[in-house]
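From just these sequences and the hints, can you work out the full model?
What follows is each chain in one-letter form.
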Amino acid sequence: MAALLAIVGLVNLGCLIFVLIKLFPAEGALKGILGIICALYTFIWGWQHANEYENMRNVMIVWSVCVVLSIVLQTVAGTA
Amino acid sequence: MSQKLHHSFFDWPKLQNAIFTPILAPVLETRSVGIAMAAAACVHTGLVMVGLPSWECPMLAATGIPCPGCGLSRAISALFLGDIKTSLKFHALAPFFLIGLLVMGIITFLPDQWRRGALLYLEKTERQTGVVAIFLITLVGYWLARLIILRSVFINLMLG
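From first to last, the protein sequence lines are chains A and B. Counting from 1, position 70 in the first sequence corresponds to residue 70 in the numbering used here; the numbering is continuous, with no gaps. Counting from 1, position 27 in the second sequence corresponds to residue 27 in the numbering used here; the numbering is continuous, with no gaps.
Simulated from the structure, these hints should not be mistaken for lab results. Given the structure is predicted, the values throughout are model-derived calculations rather than measurements. Even for Gly, the Cβ is constructed at its ideal location relative to N, Cα and C. Possibly wrong hints are sitting among the right ones.
[What the hints assert, rightly or not] Stretches of chain A that chain B covers, calculated by requiring three or more beta carbons in the stretch to come under 8 Å of a beta carbon on chain B:
hint, region
1, 12-25
2, 32-38
3, 67-77
Below, the structure written as structure tokens:
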């Protein structure tokens, strides 16, 4: 379970970095910092601009699945 | 040459322009973004308050190193429960972040004509004071200080 959570965590981080790389030049450094502090903002920004960048939609789908998966896995790990 | 190099490193007008450029107001311009952020923040804080799993920090989960915003949810939950000491332990800037969230929530759910006025006022305030930018820079400074000075305590607190 821990290994699965770690893999999901890594994919989560990869998706966050992918979106941050697009966010920094598009919105500037300070909104980029906001994106690091508040991954939720990056997540929403990613969905807002899903059609504007190549592969963004796919990355956002993977990230969304990972977020749900991570919550489910945490719940299962907590109750097990 | 050195003067030119110095100028490129400390381009004060550019830095000043970045600091006094509105950050929060443009984010809240689209009501749906505000609603999504407010709803997600409420659900997330609620889940943290009752001790249920919620949105995990991707950086902390993958690397074990807390991000500048790590601890804010737990600190805000503690603030809601009236436990100021615990809140400060998790994140000293949580009260300011909570004020920001409240401002965001209020502006998002205002009727259209009031919302427009509130957004203009927020934009003007950000342009004049650079308050959000200064807060973000302070947040990064606070995170660096915790990571360098109280490294193990900070990481254990966030992982625990």
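We went through each hint and held it up to the structure:
1. 12-25: This one holds; 4 residues, not fewer than the three required, reach chain B with a Cβ under 8 Å.
2. 32-38: n = 5 at 8 Å, threshold three: holds.
3. 67-77: holds (count 5)
The structure agrees with every numbered hint stated previously.
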